[in-house]
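Asker: Taken in order, these protein sequences are the chains called L and H.
Just so we're aligned, residue 1 is where the first sequence starts under the working numbering, counting upward by one.
Just so we're aligned, residue 344 is where the second sequence starts under the working numbering, counting upward by one.
If you are wondering where the hints come from, they were derived from the structure by calculation, not from laboratory data.
One or more of the hints may lead you astray.
One side of the interface only, derived from the structure: several residues of chain H facing chain L at Cβ under 10 Å [said to hold, decoys possible]:
#1 N390
#2 G492
#3 V502
#4 V503
#5 A548
#6 L634
Model, not experiment: these values are computed from the prediction.
Beta carbons: idealized from backbone N, C-alpha and C, even for Gly.
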Amino acid sequence: MVKRVLSLILTTVLLGAMLVACGGGSSSSSSSGGSSSADSSSSSSSSDSTQKTYRVAFIARAQADSFAAWLANEMRAAASQYPDITLDVFDSQANDDRENSLIENAIANKYDGIIVQANNAEAQRPYIEQIVKAGIPAIATNPKVDGIEGLSTIDADPYEQGAVNAREAVNQIPENANVVVLMGPPSNFHSDERRRAWEEEFFAKRPDVTILAEDHANWNKDEAMWLMEDWVIAHDKIDAIISMNDNMAAGALEVVKDDPRFQDILVYGVDGTAEAVLLIKEGKMTSTSLQSAIDLAKLNMEAIYKLMTGEEKEIHEAVPAPLINASNVDEYIELFKSLGQIQ
Amino acid sequence: MISLKRNGNPLLDRNSRFMEKYSIFIILVAMLIICSLINENFLSVNNLTNVARQLAVITILAYGAMMLIIAGQIDLSVGSVLALAGVLSVSFYKSTGSLLGAVIVGILVGVACNIVNAVMVTNFKVPAFIATLAMMTMARGAALLYTKGQNILQLGDYVVIGQGAVMGIPIPILILVVVTVIIWYILRHTRHGRSLYAIGGNMEAAIASGINVKRELYKVYIINGVLVGLAGVVFMSRVNAGLPNGAVGYELEAITAAIVGGTSFSGGIGTTMGTLAGSFIIGTLNNIMNLSGIDSYVQQIVKGVIIALAVIYDIRSKNKKTRKLIIKNEG
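This is chain L alone, in the form it adopts within the complex (with noise of 0.2 Å):
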């Protein structure tokens, strides 16, 4: 008996969710296309369509490296700058399968704007250009995948921000140098074109300089730590650190740093990571060059944007990378010191 009234209770319920869930469904319209009324939250920028909030997703390759999680940061307060802009993002933990996972998520959940981060541009590549079948406005974004019509790119050219640190260094590395080279993690595309920059930049314009050793520490100031430690016992003379990013270069600097046979290394990173700026400031790092997450993603939110409110329909820029060396490390101080990261 009880379990009669128990059944009939719970059929009722069941059906009753139903017409109502259905019910809802059907006198709201589709939540693109502008028509629906319904929305009565009061944000206001959009321009002929009432209230549509876009959602975008940021597919960020991973936010465990220094660099990748400032992006992230930074995609999150240039998103906050746009009332009509809800941002998403995603981690893929420096993991392929996991990215491309998450690229299909953000298709099937009809997201209106992807940008996407490749952790490999060619493991990502089948699965971007899903997103472009998809009508979806995408961006590929640091790095920029070539070839896929149109998808619109954001990036630094790893080739030039190697480059600009290597182009000074063919006047400043003294004659019949000794140099040790620090490289990210292997077949990365930004470690992999920031080396080709100094190897056609410097290496084939300096033809006396030897390289001692060369290695991967995988962008990360521990691994580069322990090989430079190894290295300076190996070799009692290194004139330069040539390290294709600042937290391998700090890393290698730091076994060297208060030692007077090293006194007058010359060292080259990339990123313009906040210690960076700190180590040219006291005189012990040489350049780098200054990769900006506050630039890509201000460009990245703005380009998205002018893509989903249809305004332009591809887009490509690429983000300048500055040298920073002696002379302008000030204004580079007080911007960490601004972002907090410097006190």
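Since the structure of chain L is already known, use the hints to place chain H on it.
Answerer: Relative to chain L, chain H alone:
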């Protein structure tokens, strides 16, 4: 007393017993000799100090791994907890200027995370592998969340722990020596240490002999927590930054050092000095390959091969010892 099985020669037998007991140290000495021949820089005071200093963090972690594996447990969260403890310790120092306080904070964080591990393992019977795997991702996430993925800079005098020296001896080495003595003492001369061997060797027998397994497991996880927290402080101060994504994979390095040093995954077997030797075998290998400029891809292959060989040699010599014991008792 003297087994006469092989060929009846007591002198030869004494030698082979010596070989069995000290096999891992023999490997280490052999390596040191070979390395000094390969590279003239290897045997210098500078280099050996270098190696010891580099190994301090991993060896401290390896002691924790050893104790846990002896007791039939494992800890995969070590690298992540190290990072969390390290960044919180650094942060504490930057706000208060108290170095002692910062060290205590680091240790407390390590202990707290390991108490969670112990709760999962003893109260909820979660296998240690899974429980510490969960802690691995939790702690890493917490470290990244706390620092927003950015490195903490401008550490000031915090670096003295990892980069300073007392009477010419680098502080990390001094810390390593002190920790080694303490761990050796705990394992050999305290009831807790002996109970770990019992629990790992035969859990039922341990319970039957009156050992409070739950309490001893809590203790060993807490000791592990102290070691991990301390390692976090040394790591960050060596690197002069609070790195939320530092020490990735260190749990594997620590476990490898313990296993190469003779700790057995089946539980109940392992020694402090063996773990120290195991850690130095791996560290020496890394060092000689870097000194010789060997390509990093080749280095990884070589390292894997040497580790496998070292463990095979160690296991075979233990099996010989066990066989002899069995034969002696039967005969």
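Asker: Okay, which hints does this one fail, numbers in order?
Answerer: 4 and 5
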